[in-house]
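Enquirer: Protein chains in written order, with this note's numbering: chain P, 1 to 243; chain C, 244 to 798.
These are computed hints drawn from the structure, not numbers from a lab. Even glycine gets a Cβ: it sits at the ideal position worked out from N, Cα and C. A hint or two may mislead.
[What the hints assert, rightly or not] For the chain P half of the interface with chain C, some residues (derived, Cβ under 7 angstroms), not all of them:
1. Glu-5
2. Leu-36
3. Leu-38
4. Asn-41
5. Thr-46
6. Asn-49
7. Asp-76
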Amino acid sequence: MTSPEGKRQLAAQEELDAIDFAALFAAQIHDLKNLLFLLLNSLDETLNNCRTCSGTNDEGPPNLALLKYNGQLINDKLIQMLSLFRIAEGPYVIDIAYRPVEELIEEVVAEAKPLLGARSIAISSDVETGLCWFFDRDLATGVLNNAIHNALHCAKSEIRLSVTVENSFLAIHVEDDGDGFPQEILENGGSMKNLDLSGGKTGLGLYFSAVCARLHTNKDKTGHIELSNGGSLGGAVFTLWLP
Amino acid sequence: MNAENFQAKASRAGSEPTNFQEKTFLVIDDVVSMRASLRNTISTLGGTRIDMAGNGIEAINRLEQRTYDIILCDYDLGGGKDGQQLLEEIKRRKLVKNSTIFMMVTAERSYEKVVSAAELAPDDYLIKPFAGEVLRLRLENLSQKKAYFSPVFALMDAQDYRRAIQVCDELLNSPSQYKIDLIRLKAEICLLLGDYGTAGELYEQILAIREIPWARMGLAKSMYHQNNFGNAVETFKKVTESTPNYMEAYDWLAKSYSAAGDEQAAQRTLMAAAEKSPRMLQRRKTLGEVAYRNDDLETAQDSYEAVLEFGKNSALTSPEDYANLSRVFIDQGKCDQAMTLMKDARKTFKNSPESLMHGAVMDSLAHQKSGNTEAAEAALKQALEHFEACDNRQGSVSLDIARSCFQLGDEETGKKVIQDFIQNNHDDKKIHLHAEDMFRKIGMHDKGKEIITNSSREVIALNNQAVRMAQAGDLRGSVELLMQAVTKYQGNTVIVLNAVHAILAYMQTHGWDEELGKSAKEYLTTVRNQDPDNRKYLMLADLYKETAKHHGLLT
Chain P
1 MTSPEGKRQL
11 AAQEELDAID
21 FAALFAAQIH
31 DLKNLLFLLL
41 NSLDETLNNC
51 RTCSGTNDEG
61 PPNLALLKYN
71 GQLINDKLIQ
81 MLSLFRIAEG
91 PYVIDIAYRP
101 VEELIEEVVA
111 EAKPLLGARS
121 IAISSDVETG
131 LCWFFDRDLA
141 TGVLNNAIHN
151 ALHCAKSEIR
161 LSVTVENSFL
171 AIHVEDDGDG
181 FPQEILENGG
191 SMKNLDLSGG
201 KTGLGLYFSA
211 VCARLHTNKD
221 KTGHIELSNG
231 GSLGGAVFTL
241 WLP
Chain C
244 MNAENFQAKA
254 SRAGSEPTNF
264 QEKTFLVIDD
274 VVSMRASLRN
284 TISTLGGTRI
294 DMAGNGIEAI
304 NRLEQRTYDI
314 ILCDYDLGGG
324 KDGQQLLEEI
334 KRRKLVKNST
344 IFMMVTAERS
354 YEKVVSAAEL
364 APDDYLIKPF
374 AGEVLRLRLE
384 NLSQKKAYFS
394 PVFALMDAQD
404 YRRAIQVCDE
414 LLNSPSQYKI
424 DLIRLKAEIC
434 LLLGDYGTAG
444 ELYEQILAIR
454 EIPWARMGLA
464 KSMYHQNNFG
474 NAVETFKKVT
484 ESTPNYMEAY
494 DWLAKSYSAA
504 GDEQAAQRTL
514 MAAAEKSPRM
524 LQRRKTLGEV
534 AYRNDDLETA
544 QDSYEAVLEF
554 GKNSALTSPE
564 DYANLSRVFI
574 DQGKCDQAMT
584 LMKDARKTFK
594 NSPESLMHGA
604 VMDSLAHQKS
614 GNTEAAEAAL
624 KQALEHFEAC
634 DNRQGSVSLD
644 IARSCFQLGD
654 EETGKKVIQD
664 FIQNNHDDKK
674 IHLHAEDMFR
684 KIGMHDKGKE
694 IITNSSREVI
704 ALNNQAVRMA
714 QAGDLRGSVE
724 LLMQAVTKYQ
734 GNTVIVLNAV
744 HAILAYMQTH
754 GWDEELGKSA
764 KEYLTTVRNQ
774 DPDNRKYLML
784 ADLYKETAKH
794 HGLLT
């Protein structure tokens with residue numbers, strides 16, 4: 001016969017078993033993003049107060065920028081997890097609209113600038129004014145933010161965003177002047193092979209980017225990502241190809 | 244045309260930075276700290292004139308008192324209305340100007356799926372967390388876009404649709420980043436004016452460049468309106484398959500199935516849609532109607548119960564919704580439940596004339612079903628008194644009253660009620676369907692069909708006679724005939740609008756006539772009050788203005 005304590009444990013276990021953890025995590029991520037918004041906004045407020053007090057217009061204390069950078073990284077990961085969850089849940093509907101590419105680039109650069117902090121990294125972009133393309137703005141923003149944050153991690157002094165149109169594809173390049181991608185990432189980047197859930201770095205960002213790119217299709221063409229080394233700055237080159 | 248040569252080489256010159264200090268902001272969010280946070284973000288942009296609202300009701304109060312340039316609204320507003328429902332109410336009640344920027348704020352991207360598929364979409368949405376700088380960029384880009392479209396919107400506001408199309412065409416002549424939006428807007432105006440052929444061509448033009456759900460949807464609508472129901476079914480189906488969250492597509496698919504005569508498929512479609520978004524009251528109502536016609540009382544009961552359940556505490560239900568459920572109960576033999584429900588209705592609507600009318604007639608039907616003829620007759624007598632006095636006789640009440648009359652042996656009154664109902668809606672297929680179904684249910688199918696056909700025949704004959712007179716050149720005679728018809732069939736929108744059309748045609752050849760002009764204006768106002776989105780009304784209101792202008796009246 002089961003003891004009363006055993007019964008209680010069993011009941012508790014049954015209760016836990018009944019929880020749909022995937023849905024629970026998705027709902028919690030939703031709340032986390034709200035909290036993160038409040039957190040990052042208070043940070044901005046603090047930054048503004050610092051500027052008002054010191055009468056300068058600099059980036060504020062370096063540790064504040066670092067806080068902000070890490071906050072953004074948390075947000076990247078939440079977006080990636082939530083998006084992949086929704087895509088896996090299916091059917092996932094992407095919102096393709098015809099938009100100016102310049103607006104997309106402007107936004108991701110604006111998001112990145114406060115993260116530079118005291119590090120002397122310059123971020124520049126080159127995009128033709130008036131160039132429009134069909135893409136899902138949120139997915140593209142998620143992919144580019146992730147690429148920029150990776151580049152921020154590796155760059156020595158410079159990150160460059162550029163846009164070209166080749167063979168009916170829009171190509172958005174994110175380049176840095178760091179040491180470039182390691183060989184195994186160049187080979188497997190963006191595939192599930194690179195997902196090592198036991199290690200510290202999961203490679204989820206690149207996998208997420210590859211999935212988002214693939215969701216963009218136009219007639220018989222499909223989007224993809226490309227990783228290479230070299231480019232105009234001699235470091236890592238991340239390219240998002242959209243048909 | 245491929246995407247490359249479609250690229251707009253538009254300049255973004257002349258984009259002066261927006262001065263946010265001059266702008267009025269309204270922030271709508273149920274969480275205090277979130278409101279404070281948004282206010283802080285706005286002030287970093289230089290905004291100072293910021294009002295706050297904690298829920299939909301507060302927001303509406305604010306909007307009734309003043310106009311805002313920029314509205315930031317959280318999608319999740321706690322209990323009650325969500326951001327999208329609030330936006331829809333605001334737009335329907337025209338509480339914002341076309342130039343107002345409405346920005347939805349949400350913590351999750353899945354909202355975007357709701358938005359991209361919604362008929363009334365916000366100008367843009369932002370996903371939390373976002374940087375103040377991104378908000379600034381978005382607002383500046385939106386201001387530019389608003390400025391670009393403002394001449395078209397101004398003409399649309401003035402109901403000058405033909406000139407709005409001309410302006411669209413002029414804008415389309417020069418390259419623009421908004422080219423796709425512009426084609427979409429032009430197509431929407433064409434749908435509004437009933438130029439379905441052109442609308443279809445415009446949507447095809449976009450689909451040739453890219454498969455976009457709203458364009459496929461527009462194409463399907465233009466097919467439906469050209470009575471091409473088979474193709475409409477196929478095309479709406481394609482939208483629901485590629486974009487399962489495009490809820491409007493299910494409603495249209497069901498409508499197309501019904502129009503093509505496949506009521507079972509219509510019901511299946513609506514049931515699938517109701518499962519996906521259980522809170523959509525209108526869809527539940529339609530499902531209840533279709534299921535009732537299909538004799539699926541169980542589904543009809545579920546649907547009508549859901550309407551009352553979800554509509555509770557909102558002004559979205561009417562006594563008719565109670566009557567609908569009560570009718571199902573009666574058919575199921577649950578007469579006590581039917582009567583208790585109507586008691587509820589009277590209480591909920593504080594004995595409004597409409598609730599008394601619906602209540603009395605349902606009581607009468609319930610008494611009949613349980614064999615209590617005397618009580619049934621008394622209730623019917625009451626119902627008829629309310630019916631005579633009531634302004635709003637639209638909807639199912641006429642059918643319920645007629646049913647009660649026929650069943651109690653008062654054929655004369657029953658026939659008269661049906662006649663009026665059909666004659667006021669002689670070209671409304673759905674109403675004919677409901678009426679036929681009512682007769683089928685009381686075992687008078689053939690006789691009922693005869694009454695319906697005869698009633699509408701009278702109106703159709705009169706209408707055709709007027710058309711023939713006009714064609715033979717007797718415009719004056721046609722006007723007089725139709726004006727007499729208006730007196731007889733006051734509630735018949737089609738006849739009223741045809742009278743307006745005839746008057747305008749007459750005045751175009753014979754010059755402006757003070758009396759006729761006044762009548763036309765009155766008729767237009769009547770229709771506007773009943774059915775402001777009526778396509779023919781919009782077209783004729785436009786024509787009225789043009790005719791008046793042509794004769795030097797108005798400006």
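Enquirer: Hints numbered earlier in the text: which of these fail when held up against the supplied structure?
Expert: Violated hints (numbers, rising): 1, 5, 6 and 7; every other hint is consistent with the structure.
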